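Q: The chain contents come next:
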Amino acid sequence: MPSHGKGKLGKSNRQSISRRHLLRGAAMGGAMAMAGCLGGVEGDGETFVEPITVDPTNYQFNHLNLQHPFSHAMQSDQLQRYFINDGTFESYAVNIEEFEGDTAVLKVRDDLTWHNGDPGDPVNADDLYTKLVTDAIIGDTMSTLWTDIQRDGDKSVELTLDGTINKNLFRDGLNYYWLETPFRLYKDYVERWEDATTDDEIADIRNDLRNDSFDEEKVKGNGPFQFEERDNRHLKMSLYEHHPDADNINWKNWELRKVSTDTASVLLGGEVDGIRNYSAPETVFEQAPDDLLNAQLPALWGHSLPFNHEDDDFSNIRVRQAVSEFIDRQACADNYGRLGQPVEAPSGLVGNIDGQNEPSNRWENKVSDEMAEQLYRYDDPERGRELLRGEGYQKDDDTWYRPNGDPFEMTIKVPAGLTDWHPVYQTIVDNLENEGIGAELQRIEESTYWADHYTAGNYKVASTGWTLQRSSPYYVFDMYYNIDTEFMNLDPENLEAPPMGEPDGELQSVDPRGLMEELLVAQDEEEATAITDELAWITNQTVPMLQLNEINDPVWFYTDDWEVPDPDSEKYQSKWPLWWFPRNGDMQAK
Amino acid sequence: MYILKRLGQAFVTFVAVITVTFGLIRAMPGGPADYIRARVMRNRGSEGVSMSEINSLTEAYTNFDPSTPVYVQYFDYVTNILQGNLGQSVSFAGQSVNSLIIKAAPWTIFLLTIAILLTFAVGIVLGAVMAYREGSRFDTGSTVLSMFVNSVPYYVAALLLVYVFSIQLSIFPQSGNYAVGLEPGLTPIFIADVFYHAALPVASLVLTGFGGVAITMRGNSIQEIGEDYIRVAHLRGVPGRRIAVRYVGRNALLPMYTNLMISVGFMFGGSVILEQIFAYPGLGNYLLQGIHARDYPLMMGIFIVITAAVLICILIADLTYGLIDPRVSAGEGKEAY
Amino acid sequence: MAETNSTFDATDDRDSTSDGSAATRSELYKEWLDVAVLAPLRIAWNDWRTKTGSLIILFYVLMGTVGPYLVPAPTQGQGPQLAGPFQSMSYPLGTNKIGASLLSEIVYSTPPVLKMILAGAVFSTVVATIVGTVSGYKGGIIDSVLTTLSDIAMTIPGLPLIILLIAVFEPESPYLIGIFLVINSWAGLARSIRSQVLSIRDHSYVEVSRIMGASTPKIIVDDVLPNIMPYVLINFVNSARGVIFGSVALFYLGFLSGFSNNWGITLNEAFTNAAIYSLDGIYWLVFPMIAIVGLSFGLVLFAQGTEKLFNPRIRARHAEAVDDTAPYEE
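Protein chains in written order, with this note's numbering: chain A, 1 to 590; chain B, 1001 to 1337; chain C, 2001 to 2330.
Just so you know, the hints here were simulated from the structure itself, not pulled from any lab data.
From a predicted model like this one, the values you see are computed outputs, not experimental measurements.
Glycine included, every Cβ here is placed at the ideal spot set by N, Cα and C.
It is possible that part of the hints are untrue.
[Said to hold, decoys possible] Pulled from the structure, derived: some chain A residues nowhere near chain B, Cβ distances all over 10 Å: (1) N95; (2) D110; (3) K258; (4) E370; (5) E386; (6) N494.
[Said to hold, decoys possible] Label pairs and their calculated CB-CB ranges: (7) N1098(B) <-> Y2029(C): 33 to 39 Å; (8) D215(A) <-> I1191(B): 29 to 35 Å; (9) K590(A) <-> L1169(B): 45 to 51 Å; (10) L1169(B) <-> Y2069(C): 41 to 47 Å.
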């Protein structure tokens, strides 16, 4: 999809990708070989080819308009780099100059210039200011952390934070941000925002901003490659020599090529030089030629089974727990394929898989050792049966009946197009069927699924991811107790959970939102861990959605023309290798 | 008079189709915002949209003013269409439906024209030969073959062709309309490459389509061969080749003329799947994107273009049929009993 | 094809006998059934294509009715993941990504497919026959209205229309899906039936009935329908084939929701799991393909075998058989 630069997960393997037909010419027929000669741009070590599935002439250049936007990660720079394996940050386009009390000062990297000249105008405070203001207009993550903003000199912006925000949370919030908002393009919106006083006015600005489309290709970028040309089959960017890291790049062009939506063929056919993220089916791993390298990094994401908390059955915490006991998360992960590992203790803690597709216990670092031990594992079907019986459910002739005598049945709704999700939920169907609970999978066209089923809270159990791809537990809890509450009909104000460490204890009233507010401004790590412990326990026991597995994103490179680090290198453990390697000199044309 | 009446009928049909599709599309649940919602939900967290914003997006992405009464929307829409203006696409920001269709239609028409012509050419020749050798081994073999290929869905054939010719043998490209890097133009190489890329999509239509044509042609021909006038012609000493081509061939072909025109509509519909499999940038491809994105103007536009194409074909068939077959008169419609 | 009804000219004799004799109503219907359906079927049965076709169809019907009792339902872990075919009796056709037996998947897809086919074929044939006969027989304004309606239905591009309808109504029942899949395919059939009827309505025996004061519905049922029955039968089978093609395509594209197993879903799973890229994996794609092609081949064979009823020259050869088996023929 168009917004290629963003950390879009390839959760569906029906994305797309194309090139090496031409490039490799392996066993090509006559006409193709002929066309290949003419294509002529390939395999010369000058151009890196990446796949897209849309017609490039349909792009427009306002990335905030969600309809076919173009904004590429090589065209503009990411604010910072985050290493998943050890949880550290490294500033890139923007540096945190000061972080003290409730003030944060962010500064744009020196020597960064826009692609509008030779060299173009410097990227300055105005542009960073624009980035943060447009973010506030659309109401994204960062904007929830500050209350006031002003320019601070030529290159810096000063934020007045919403309290003494925990620095780690602030830094985690900065992930997935790109500096792609030149002030000159968004000037009107920024000024309107400054004048706006009511929410309605901001809604109007947002409306206009979301519908605007630009065609100023060059101005959009400040990254190492600048927009060059496009037609209906490809979009070409060329090296921008004034970028501070341009010296690390020993080739000239970066090309996006329109290919089939069948990514497997594109990759195996060698039509591209690399793919940022493609969750390939097993056959592709097996069939991959020797010079096709793949490496993995955690997606910080996984599948989950959200419950409708107003459902007759699942409004009962004990029923949610019981069903969780019946579900074999290991089988779910196995059936997803080699890129998945089960969630060990479903409690909203990210870090169950490492870069080598092996189980990881990184999640334990987010809570105290004691809590890591205490969090309930949900792997005891016998306890599940007891819980159900305790709530008045009955099992006769291998079938479970609800307290009112009806058979206990459910439909699991899944988006039809995301076929790689289906094995996970099919496994749940089979687990439940074996236990005597009627279950079936309903595949629903994707747009309809999200719009009319999941976000409309129109389901008994459904399917979705269990994180927002951030590793701090805060953002996961934020998803459960603030963002997705209306989708799951969850009422965090009236939530009950057993006391810490006693899964079968008496239910007590809990207040996840209050705890989260404390967590947001917790200054010392001990305090933060204690609060996280509590939130993790609440999540672990109330099971707002059952976290099933955590998956890896594989990145693919053809190493015949390109030199990249070994797959087990830690350099891969930061999103996304394909964007960082060129900038750091870790990728070289042969 | 007949022509006028027929034109009038076509016009009524056209407006009726617009009305039906307009109604259906307006009845579709949700709107363009649904698609945005879906995209956001799918890429949660990594793309700059917060969930709190999702609901307000519904208003940001609507392509018609919900406050206008539906009949006014309808009237405006029909008036615009009749002036050749299909509106603005919603999912392709800043592009008109007209420009998208102009971009896509030539590819679909190119693909389908070749496919239809080849299907009928192969089918008719094979059918005629089968009829002349009725009962022979060739006839039996070809009949079974024809029936078999006729029962293979074209998309199944497409997948198999891709497997064999593109993946295993690497003879044909798997997708696209021409090689990247080629400068579009009327150069021999470009044209050759376009045909080369069209080979598999066309083959999947032709291979699964010719059987049906052949069987029909065979049946028609056998029937004609049995007619008295053929026997008479033989007795009169008309040369066999002349009988085969001028008498039998011509009369067996006539009933298929309408089939040909009607199959245009079928093929247009089928292009949705075919273009999806081959990532071919034609109308079907855009239609599917339009449906996924709930892009009403785009969907309507493509519907209307396809409908118009089918209508024109049927109209041509009706109007020219009388010229080809003098026996046909236009008087079927009298009130009977 | 105007002359194809010679064999059935006997019908007007039947009319006169039945009017004059004390035959009961049920006997009349039996006669009607025999003349209109059974006799042609008997003729057709002599054709190997009909026989083979019927056997294939019967096989699928058995697979759809008895099959689910013989084969366990598909669940994960019936065998190892992605096991090849012909290795174990518990998963004779191999397994898919979650280790479910392909045979089970294919068998359990059959009942919903058969339901869809049945609903779709019945719907389109009935609508087409009613519209076609009425419009052909009545003529005039009714004809113009019905013809215009069929024209409209015929002109709207089929598959896109179906996709649209499915998006609007989200049908889940296989019967409903079957009907949606043929939502406009009755139109073509209605038009051909209309032209058949046009040529029949001026036949002398129809004229006789009319003069004798029979009502229009009676004439249509007694005199017109028996003549077009073989044609209707063939089209029943053709729209059945259309339903298979359409349903598999839409499941493949992910537009159809619902719970049913379907060969299209299996096909799609195989395709998106890149089964097509290795010789070891291709079985996953091939078996559902065989299931789809097999059933539609059976239907095509059956239709082709029965089609000869139209061709007087071929039929003449079987005339005697008709005499032997159909007592109402002269």
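Q: Now, for every hint given, state plainly whether the structure supports it.
A: Hints, verified against the model:
no. : hint                              : in the structure
1   : N95                               : 21 Å, holds
2   : D110                              : 26 Å, holds
3   : K258                              : 7 Å, violated
4   : E370                              : 30 Å, holds
5   : E386                              : 36 Å, holds
6   : N494                              : 21 Å, holds
7   : N1098(B) <-> Y2029(C): 33 to 39 Å : 59 Å, violated
8   : D215(A) <-> I1191(B): 29 to 35 Å  : 31 Å, holds
9   : K590(A) <-> L1169(B): 45 to 51 Å  : 29 Å, violated
10  : L1169(B) <-> Y2069(C): 41 to 47 Å : 43 Å, holds
Checked against the numbered hints given earlier, this structure breaks hints 3, 7, 9; the rest are met.
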